[in-house]
Amino acid sequence: MKKHEPISIETIKAMMNLTDEDLKKPLPKPTKWSQPFWDAAKEHRLVLRKCSKCGFIDHPPYLYCTNCHSDEHQWIEASGKGTLFAYAINYFGVPFPFWADLPYVLGMVDLPEGPRMISNIVECDFDKLANGMELEVVFDDVSEEITLPKWRPVKK
Amino acid sequence: MSKGEFAIIGTGEVPCGNYPERSEFEIAYTVARQAIQDAGIDKNDIGAVLCAQHIMSNPDNDYNTEMVFGRLPEAIGAKGCKVTCMTSSGGASSFSLRKTAEGILHSGETDTVLVVHAQRFSTFTPNEQAKYFSIAGSDVEWEVPYGMTYNALAAMITQAYMNITGTTIEQIAAVCVANRKWAMLQPNAMFNQKEITVEKVLNARMVSYPLTTLMCNVLGDGGSAFIMTTAEKARKVCDKPVYILGEASDYSHRTITRAGMRDFATMAEYLAPIAKRAFERSGLGPEDMDIFQIYGSYPCIQLIIMDALGLWEPGTTGALVASGETSPGGKYPVTTNGEALSFGHTGTGVGIALLVESVRQLQGKAGKAQVEGARFIIENTGGGAFMDCHFTVLGNQIPG
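Going line by line, the protein sequences match chains A and B.
This note's numbering puts the first sequence at residues 177 to 332.
This note's numbering puts the second sequence at residues 86 to 485.
So that you can see chain B by itself, here it is in the shape it has in the complex (with noise of 0.2 Å):
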């Protein structure tokens, strides 16, 4: 990919949440029209229609089956799709959709590509979501029989960070109620309601030392989508096209005893080169970034990955989030939709999520979480056990 070869053109979002009645199908349709409409573009135009893996299967009508047959392009009409799949990275889907997206274009078979993603929990019994969550992240034969959970690997990591960064648990806490300070001002997010305080994080329910519930992600039904042109059509049919400036990846292990990082604390030493190859691609330093759509899933993962960018110490980035400098009119916005810890976690939509988001922003369509004047963005995405990092460089323009 050469630097803004490729833009997203528009976007769609329903609210994340617990709803039942709503399918996921209808939130595909939903959010597939929605897309359409944003970015002013024909639905005969989408060449391509990708959609994400929904996590979980109803054996009566399989969303995932359905897809994967393409059910999606007959549903909304599109008559001019000539190619349909479903890509799937887990969390790190919104960069593998996004790169199936990019070599489908890269390939001129079609100048526009449709991605969408949908997913609903809440028809599964609590039985059977914490069956196949709690233990996703966790290997069935090295770790599930010791009672190993997703909650549990994420307590770890951040037990490990704090005794080395000397992180404390307050500014652990800190990450959870700047996160929820952004979602409420998203009329999509899950958790929009009610503040949260530091003493509160605290206080909740111990789930797995050191984290507290309010320390870990609630699962939510959700969907979002985006549209994908090249640049060239995009800036025929859009006045602000979001062009993907640079980008940059690794994989690193499925069973977290594998890290190539042995050390958590440094685990930024790990990130670090990724991010700094993501702006070295985009021509832009983390200095020229107006906003940090930070993926962690947990507080301690975002300090992580704040950590890499190479524009605050590593360490201090617990303390940065505490002084309140990346909250609603600080001088560092992070994660401006509150993430999975206050938007919700819809699977392998929270990175989907981030990344609509930061279009939002970037086209300043974001409402009252619209940061001023934001031209350009850096995003990451990761998945499985944090197997795997992306980061991405957005911008309204193309740096020189």
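For reference, chain A alone in the conformation it holds in the complex (with noise of 0.2 Å):
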């Protein structure tokens, strides 16, 4: 495949007319269920919504257990493991806060918890992604209020 030339941010910039504001990277915003997920990820601890009735894990959380409806429960610690299902680079037409970034990896991690999630994966030789490897949490403290937990390739 060809190799097409990066285009800077700052060219972006320039051609979209962009403003400080229009390259604020979006955060989440935690809901009342969520609160606690983001609360332990800013303690770098990975956590998991377990009902205490059926023992269903919610991720993402609703605001009641989605397989039976209780609201009983607890956050359970993950074991912060995971294994990468599917990637993707991305290298081109993302959102503009994410351009100085180019390229990134997402990927649809697998917990041995049993929830998927999707994510960055960082610290990684694209070359060496490969569907089924073995990943561990880490976390990157993007703002004073949120901690975003990503995941790296576990070194052999």
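Note that these hints are calculated values from the structure, not bench results.
Please note that a few of the clues may not be correct.
[As the list claims (entries may be wrong)] With a straight-line Cα cutoff of 20 Å, these simulated SDA-like cross-link-like pairs (lysine to any residue) come out:
| id | chain 1 | residue 1 | chain 2 | residue 2 |
| --- | --- | --- | --- | --- |
| 1 | B | K88 | B | E106 |
| 2 | A | K226 | A | W214 |
| 3 | B | K285 | A | E181 |
| 4 | A | K201 | B | K184 |
| 5 | A | K201 | B | Y235 |
| 6 | A | K218 | B | W227 |
Take the two lone chains and join them into the complex the hints point to.
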């Protein structure tokens, strides 16, 4: 495949007449039912909402258990391990706040606890990405309030 | 719904592309009159007017508000109109609009329903379009903060599908080539001037690996309309009504990570029972279909839907497309208007355009793209982040 020169963020900014506001990254706005997840992430812990009645783990979490409608639940510590189910590498045509990060990897990560998450795969060699590879969680403090759990390949 | 209870008797459509001067209202009024003329009915026979949702809104004159507040029946002078509303399920809107129309027809309040779609993207800035559309398929709390995009979602599904089925990137590109060949035969398609090759698709700018720009759909302004009636009325007013023979649906998820099918290579296992139900209700099988109107918006999704039809071994449809058998003149005509990839992505209208094209084919009005002697078609639609799937079997005759 042909190599195309990347278009710099400065060029895009001038071309699209973007303001600094346009380049602000969107952050999660926690809901009443997701707040504990983000509170834990801030402490560099990965937690999941587990129903105390039926044991179902909901991710993303909702107001009540999507399996049995019970309100009773606990936040369990996830192992922090995962496997890569699939990935994509963004090179072009992303929302402008992410333009400066190009190219970057998005992955679907399967957790042994059950849920699947979409996240960035970081600290990786693009050529070595492989479906089924083992991953571990890392935490990216993107603002004072928000920490994003991300994933990197497990070093052998 | 019983088999062949409802029929479509007329359609309208404007060219898809960049037309900033053509307002969404002008599109709606134009396609409405075309459909009425094509059906050969009196405008005052229309008892219900249904509108598809416009994507993004113009703060000075919001189309959605206007349509919800009854602008269209007044503007087209539908003096017999009793019911008007907007129905939306994103990309699956062709299906939910038709279901709404069926319910209204079933109620007995009227026997004639007009359905209209209109969309104009080109007046919004690239920044506004990127903000809205690049992330519309993604979850704002759990995905968007990671730089997730619609294209990346399709790219991940493509990457997983290729990895598990052995489908090659050349075969994925062949879908785009086949779609373009059909679009070349369509006067209203956005990209009907230049053929593309597998090499050209692969060498286009990489957007989201493994997808290049030519593997991603392009937004365009456009619109279409159709008129639906009871089969009884259809036979009285129309030489060649197109009957709805069988339909089936399923909903899976909002967030792709919660999709019922965990393994996209076997997504066909999730989709196949839906297609099977639609076939069963129509009394026909996949081998009876003359055309397959497959809506995927991305080449790999088209293959996954084809995998589900029960006619081909799942995972082999990439090779089938690459063989040319789904292109014009092939044994299995697939997606004869060129779909979102070459006809253009008109928001909630991609599935409506495919339905309208299906009707044209079955009425013998498809011009250069006409598949000779087409009697039966299966078409699908779906919306969101591949949240749902609806199959419909259509025919210009009701099988015994």
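Of all the hints numbered above, which does this structure not satisfy? Sort the numbers upward.
1, 4
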